[in-house]
Amino acid sequence: MDTLGDLITKIRNSHLADHKSVLLTIHRKNRLFLNLLIKTKIFTQEKKNEDQTEFFFNENMKEVNLKRISKPGRKVYLGSKELSKEIHKKPGFDVVSTSKGVMTGYEALRAGLGGEVICHVTATYKS
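Under the working numbering, think of the first position of the sequence shown as 15, with each following residue one higher.
Hints are computed from structural coordinates only; laboratory data are not their basis.
Treat the hints with care, as some may be off.
Claimed, not checked - Think about it this way: if two alpha-carbon atoms lie no more than 30 Å apart in a straight line, the pair counts; the simulated DSS-like pairs of lysine-lysine are:
(1) Lys89 - Lys104
(2) Lys34 - Lys61
(3) Lys114 - Lys140
(4) Lys104 - Lys62
(5) Lys53 - Lys99
(6) Lys114 - Lys85
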């Protein structure tokens, strides 16, 4: 079962439906991904319920697009050199799972790390 793919789809669909928040069941391996989205200001806060957690979207965010890169049947791994070429091709940031944890492509590049490219996130904000 692809829990990360389900998580990305729930976030994308919830924002497309103009919801202010999204209810997610958090699995251990998805926690690092969600922490990164909080750190990059996609989510502003979280509220824990009994078995689910509610994540609130940034109110200044107009649009968010999450595109899955690595899939269960086709994993995409990039070294630091390939990552540096890919990072500047498109707006937004890549989420990369490295040996030091889940981080943005820019952080991985600064640390000289490569890894599995999980997804690409593009967000536009209201002016």
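Compare the structure with the hints numbered earlier in the document and write down the numbers of the violated ones, lowest to highest. 3, 4
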